[in-house]
Amino acid sequence: MGPMFISGEWLPVSFISSRVSQTRVALVDCNNFYVSCERVFDPSLAHRPVVVLSNNDGCIIARSEEAKQLGICMGTPFFECRAHIRQHGVQVFSSNYALYGDMSARVMEILQQFSSRMEVYSIDEAFLDCARGSRENHEVWAAQMRARVLRCTGIPVSIGIASTKTLAKIAARIAKKRPERGGVCILDSCEDCELLLGAIAVEDIWGIGRRYAAMLRRSGIATALKLKHADDGWVRRRLTIQGLRTVMELRGIDCIGLQDMPAPARGIRSSRSFGTPVEDLAHLREALVEYISIAAAKLRSKGLSASAMQVFITTGRHGAGPQYNNAATLTLPTPGDYTPDLIRHGLNVLNRLYRPGYRYRKIGVLFTGLQTACERQLDLFEDSPAADERKKCFMGAVDAINARWGRGTVSFAVPVGAGRGWRMRRRFMSGRYTTCWSELPMVKAC
DNA sequence: TCTGGGGTCCTAGGACCC
DNA sequence: TCTGGGGTCCTAGGACCC
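Per this note's numbering, the first sequence starts with residue 1269, numbered consecutively.
Derived by calculation from the structure, the hints in this document are not laboratory data.
Using C-beta positions, here's what the derived DEER-type ranges look like:
hint : residue 1 : residue 2 : range
1    : A1531     : A1668     : 23 to 29 Å
2    : A1595     : R1694     : 22 to 28 Å
3    : P1624     : H1497     : 55 to 61 Å
4    : Q1412     : A1576     : 45 to 51 Å
5    : N1299     : H1356     : 17 to 23 Å
6    : R1585     : R1350     : 19 to 25 Å
7    : R1693     : Q1412     : 38 to 44 Å
8    : T1508     : S1384     : 32 to 38 Å
9    : R1519     : A1681     : 55 to 61 Å
10   : E1407     : R1316     : 28 to 34 Å
Since the model is a prediction, treat every value here as computed from it, not as a measurement.
The C-beta atom is built at its ideal place from N, Cα and C for all residues, glycine as well.
Please put together the full structure from these sequences, using the hints given.
Spelled out as structure tokens, the structure:
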């Protein structure tokens, strides 16, 4: 069956098929994931307020329930709430992605045992296709899943089940907010659904962010229930086709579908804010080389070559002083994944971009026009096959060493004098307990 | 005095997500 | 003093083509 034409737009096939088949999708969401990871390896953190900071110890990005109750908000700059945090004895961690990434992989491996189709949506969430069955069957299935994830990894999860992904997200939210439901919420009957949607604020809907929520509220739409019954044409004009899909999904019509085959990446980026502002070109070059190396390793790990690269530098949006944000894109002579070539091009772009006299806060690189080896257009004048093979062997060796001994064990140098003050701050790091031999947790015998 | 129409491709910017 | 990083999709507008 082909796609269906509705309200001036094509919607996917699933628009029709779902009405007939009444599929069910589950969203499994790890509770306060980063905090939960830290707690697994330090049980003394249980029942205590804990927060995890973003890179560079900038903002609050994860909070335990106790920290939420202290009024600590998501995204708050750390320096603004430091006094509050100290006063209440909140435990603070820098983000430890080596640990969270590995814990995530363990959770996903277990979830996979519960469904033939699964979409890993983010580091702490997955959508699963529910087998056909009664509500009772789904309740048992979800309860088993929660118990097994908790037993095998120590991570608590909430599960929402509904006919569309958008409704499943809402169900999981309800499951998390109302502990009496045992961590599982199934949205199915119409009356039940309408009642619950009336209590969901419009900004808490998946796909409705701050801007859209403000606009909707100004137009008298404050709840998920109101949005569900909004006029299609109006939604289409004000929220684009994406917004119309969200509304359809609230009505129980599947417009997004489960993506169990991950789509190929469209862009690969690496960037960081500096620990302290940087003014001179030499330090910018040093930082850029590092980020190009990271992004290029990611390209190779996915078997991709980039056909264009964008370099961007910024003085940041906050703070006093003159501001300068700029980016420049370069189409590469031939698509590639070879770090030294990419560094050479990147440094040339940076030379064009750099203006002296600014305090830079961030630099980064974005690779686009990604293609797989078999898609790659060959260049009549490019390296000989032997030279190409040498490059491949060389990068393969570098990647293998860095995979075994840690990122940056072997790196590309640029001439630079001073220290590395630009490196990001990570003052509250826990150990890489699961991915680094020297940082395994120790148990003391009494 | 009078100067087309329809299409594709690319990019920048804005919205969203975790 | 101190405000993350890495993604996605959609739209509008410009360049270009016949």
